[in-house]
Amino acid sequence: MAEGFDIDHLAKLARLSLTAEEKALYSSQLNQILGHFQALAEADLPATIDDARVVNEAALRSDEPGPVLGAEAVTRIAPASRDGQISVPRVVDDES
Amino acid sequence: MSIPPSDWEVVIGLEVHVQLHTRAKVFASSPWGFGKEPNEQVDPVVLGLPGTLPVVNREAVEKSILFGLVVGASVPEHCSWDRKNYFYPDNPKNYQLTQKDFPVVVGGQVEIELPGASRNVMGEHKFIRIHHAHLEEDVGKLSHAGSGSLVDYNRAGVPLLEIVTEPDLRSSAEAEAFLRSLVAMLTQAGVADCDMEKGQLRCDCNVSIRRRGVEKLGTRTETKNLNSISSVRDTVIYETARQIRELEAGRSITQETRGWNAELARGYVLRDKEDAHDYRYFPDPDIPTLKISRETVARLAKLVPENLYDRQRRYVEKLGLPYTAASVLVNDRALAEWFELAVAAHPANPSGIANLVANDLLRDLAASAGTAGAFDESASAPVSLLSCPIKPAQLAGLVKLTDDGVISKQQAKEVFSEMFKSGQDAAVIVDAKGLRQNSDTGELEKIVQEVIADPAVAKSIAEYRAGNEKAINALKGPIMKRTQGKANPVLIDQLLRKFLG
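In order, the protein sequences belong to chains X and U. Under numbering that gives the first Met the number 0, the first residue of the first sequence is numbered 0, with each subsequent residue one higher. Under numbering that gives the first Met the number 0, the first residue of the second sequence is numbered 0, with each subsequent residue one higher.
Note that these hints are calculated values from the structure, not bench results. Just so you know, not all the hints are guaranteed correct.
Covered stretches of chain U (chain X as the covering partner; in silico rule of three or more C-beta atoms under 8 Å from a C-beta of chain X) [unchecked claim]:
1) 16 to 23
2) 31 to 42
3) 147 to 153
4) 281 to 290
5) 465 to 477
The list that follows gives simulated cross-link-like pairs (lysine-lysine, DSSO-like), each with its CA atoms no further than 27 Å apart [said to hold, decoys possible]:
6) 197(U) to 83(U)
7) 22(X) to 197(U)
8) 197(U) to 11(X)
Note that CB positions come from ideal geometry on N, CA and C, so glycine has one too.
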């Protein structure tokens, strides 16, 4: 089957730097896996509801506010915190 | 800001994220609200701690269904939730609970009204189709400080309805009109408050351009996280101009995710398609599929308020209101209902009531709330009627006194101000101020006869008798003068016609 993926792109998304040998190896393994899924995909199975997993509205929660942990408890379980907030390495999804 | 040359057409689709009006979060019982100290509105379910299970909030589901009914969508038999996996610290569980295959709302449409040629002229109406809307959880808030970032999870788990349009919008003005209309519908149905200053409504804006007449859509860009209607409008204008510039320079448009810097009024690239996340969606194993009963749908259908443009058409066509007054009233459901109570108390003159409500009442309410002039800036700024000292029937009483000729329109304004101050009935104020116009027929008959006998008006009388209707007006001035303006104009007219008959 034709490759349905670009190994360089996948490696980039997974934050992996791969050698040429690894690329060849993983490409062939991924192709095998995709082959299995292609066999599955040939079955005519529209998105359906699994009746065994269906509940009615009685299983919903009422809109009643309950207790909270408090900032002190929340920050205590984090590796690092500051001023009631959880501290993480700088992540920027911003103009920079 | 450049306007696209006419041979380019812009195609816009919006994803509008709205925080639903609930007390507790969507899958957890933690309360939520704006302005709390960081991480004070968090419980173990919000954080996805081991051993916790999400349970869906009924109110959030019902508000979503209500939205569907408001836009005429079909409410599916079932809806279910999926995990959208991604790694970012705004997300405590490393996945966001959302709906992918079976959303709670499918289809529907939103009527919009474009600005008219002037304030008192109604603009074009269009329908924008809704693709679907899904109920998901909001994520936490990040702030960046020095070398690190800080995370506040108060917002994580807040019920968020993501409303996705078809690419039906064709200009920045249409995008703006759509959002105003959507906000009015959401707030009038009580689905959401849509307070943009509190981040309760945020948009992702998909923009592409194509040559006019070409059917195939161009490559689109998505500008994320726009938190005001004006940012959406400015993004469309900016992005349209940028894409035209690129294509006319012989370059191509890259499918990319962009951000918007409102301060500098410019967009920037966040990531291109090569960096597109693979969210590895799969059905959430913790939340069973929900069957939505038709009884619930029927019950919620009764809560759907009259559509604002249906209301506007009814006001103009059935009640004879000028467009300007009708368009102001329908933007605010409470105000419109207040107006209708007044009309019920005095059905003879809806326009007279509408003018007082849309002008005098709104002005005085805004002034007393210290927000003068704020009203027409936004469709979502209803002035509080809770503190209104005048009751609808009292306003009707004032209009009736004017219609019966007891006081003049000018005097009505004065009485209105007094009513707003004291909350008294119009009739009480009219009597206390001695404003009642003279309706004593006997005295007035005498004055009318004296005026008719005056040779100075003989010419006018002759003209009137010869068939010139308007000539009668020349006689009214002298009568008014002799009664110091207190005579009832309707009565004067009747008496003149009787004596000249």
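Status of each hint after checking the structure:
A stretch counts as covered by a chain when three or more of its residues have a beta carbon under 8 Å from one of that chain; for the stretch 16 to 23 of chain U and chain X the count is 3, and the coverage holds. With a threshold of 8 Å between beta carbons, the proposed coverage of the stretch 31 to 42 of chain U by chain X holds, since 7 of its residues qualify and at least three are required. Counting residues of the stretch 147 to 153 of chain U whose beta carbon lies closer than 8 Å to any beta carbon of chain X gives 6, which meets the minimum of three for the stated coverage. Counting residues of the stretch 281 to 290 of chain U whose C-beta sits closer than 8 Å to any C-beta of chain X gives 4, which meets the bar of three, so the coverage hint holds.
For the stretch 465 to 477 of chain U, the assignment as covered by chain X is violated, since 0 residues bring a beta-carbon within under 8 Å of that chain's beta-carbons and 3 are needed. For a cut-off of 27 Å, the pair hint linking residue 197(U) to residue 83(U) stands: about 25 Å separates their Cα positions. Of the pairs offered as hints, the one joining residue 22(X) and residue 197(U) is violated, with about 48 Å between alpha carbons and a cut-off of 27 Å exceeded. Taken as a hint, the residue 197(U) and residue 11(X) pair is broken in the structure, with Cα atoms around 37 Å apart against an allowance of 27 Å.
When held up to the earlier numbered hints, the structure conflicts with 5, 7 and 8 and fits the remainder.
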